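*Asks:* These protein sequences, in sequence, are chains E and X. Counting from 1, one number per residue, gives the positions in the first sequence under my numbering. Counting from 353, one number per residue, gives the positions in the second sequence under my numbering.
Since the hints were made in silico from the structure, they are not lab data. One should not assume that every hint holds.
[Said to hold, decoys possible] No more than 25 Å apart at the CA atoms, straight line, and that leaves these computed lysine-lysine pairs for BS3-like:
# : chain 1 : residue 1 : chain 2 : residue 2
1 : E       : K52       : E       : K99
2 : E       : K227      : X       : K414
3 : X       : K414      : E       : K99
Note that the structure is a prediction, hence the values are computed from the model and not measured.
Given next are the chains, with one letter for each unit.
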Amino acid sequence: MPLVDWASAPPPWIGTGSRAGDARVLFTRTLRRRNFIGFPFWVSCSPEICAKIAVRAREFAHSIGLTRETVLADYSPEHINFFRERHWLPERPTAFPGKREYKRLYQGRDLAEHALAGEVEHWTHVRTRPGLPLSVDSPAASDSMKPDGLFAHAEPFGFLASNPSFAGTGLQVECGLHLPALTAARRMTQIQQALMAMGIEIQPLSLRLPGSADAGFFRAVSRGGMKIAEAELYRKFTGRIESVLQAEREATGRWEKREKTKVEDKVHRAFRLLQEARTLDYAEFLALSSFARLGVYLGHFPASLPERLEDLRVRMQPFHIGALQTEEPPLDADIFRAQVVRSALADLDSKT
Amino acid sequence: MRVCTQCGFTYAEFLTRGLLGCPECYVCFGDALWADLLQMHPDLHLQPPFGAKAEDREELAKLQEMLADALRGERYEEVADLRLRIREREKKRAAG
């Protein structure tokens with residue numbers, strides 16, 4: 001499929017069912033990491049063993065309906081960066097010299113679900129959903145990933161992973177968070193330290209592009225869990241995220257109470273700038289969309305705005321912009337970005 | 353030096369890369385790896401496969417009770433401090 005078609009479509013998780021809970025949670029991803037039984041982990045495999053694992057991964061992918069195989073080594077750096085922006089590949093690649101040609105991406109009909117073969121673990125199964133669903137995602141994927149002699153599993157450890165922080169359930173949960181009030185109040189370091197002590201790491205939402213953390217966009221990433229069921233691990237994660245969201249709601253309330261007119265000015269100004277800007281770099285887009293989102297939480301803008309901004313957050317990244325520009329000569333990226341954002345938000349108006 | 357009998361990976365390599373070489377490494381690296389696992393999995397309340405004196409166990413249990421209380425009260429700085437103290441105790445147990 002040409003990149004322009006991917007880039008024109010909204011991120012697949014946006015359209016998957018009703019979004020759950022607070023709009024401050026952009027998405028929730030579950031990553032299940034497994035290693036096929038009978039092989040060493042990827043880090044210590046010879047290329048010959050990697051080839052065998054790749055065959056095993058393809059068989060497994062086809063058995064669960066992930067029939068579209070992408071051999072990552074066949075793609076240009078532009079494609080690979082595009083895949084990263086699309087959340088199909090991890091933010092930080094792990095280099096295993098001489099093994100790149102065995103790294104594969106598998107997809108099926110549901111584009112919000114994919115799997116990676118050879119990225120640290122033999123098999124990483126990823127599902128992305130909008131918002132913060134109350135329970136761990138559908139059992140369809142997890143049933144096929146239970147211990148049945150296919151994956152390395154041993155008591156008392158659980159699923160055995162090359163990175164032992166993923167051992168046990170093999171489940172890692174992560175979600176995108178928008179926390180503008182805590183960021184403005186300079187409380188994120190305190191929140192980061194507290195969550196780290198509970199096994200949740202808070203990172204900027206994008207590690208490749210500047211501006212996420214300053215705009216209040218973060219990614220909360222759990223470790224795996226041993227001697228704990230998937231559902232319990234997920235419940236603990238969501239409980240801890242909910243306490244962060246509660247702190248954000250309280251901080252928002254205090255901010256609005258203290259500087260009502262200033263906050264209103266910021267959010268309306270940001271919204272209008274997004275609708276009118278003639279040039280927009282990505283960091284500025286993030287900063288403005290952060291205030292526009294804040295305006296939704298405070299009741300100034302329609303509830304449909306966060307979904308459009310989430311779509312733009314993904315599609316306005318540099319390699320998406322590159323893919324979307326089909327005309328020759330291409331426009332300056334910032335001018336083109338402003339044009340797309342203006343057109344996406346043109347029909348929206350503030351409530352007040 | 354701890355070496356995996358299956359894949360030849362050493363514990364030092366694990367400390368450098370953060371990755372294990374094969375499933376057998378979990379067994380070969382034994383109690384040293386357990387100490388790391390206890391750090392990586394904050395929810396892990398599992399008796400590790402090495403002994404512990406009764407007084408150490410009591411002290412750990414007391415610290416874990418205090419931690420649970422601090423978590424309930426959302427006293428995050430105290431949580432971080434208690435986690436650190438528990439990890440230090442676990443490391444001592446593993447070493448000794």
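*Asks:* In ascending order, which of the hints set out earlier in this document are inconsistent with the structure?
*Replies:* Hint check: 3 fails alone, others pass.
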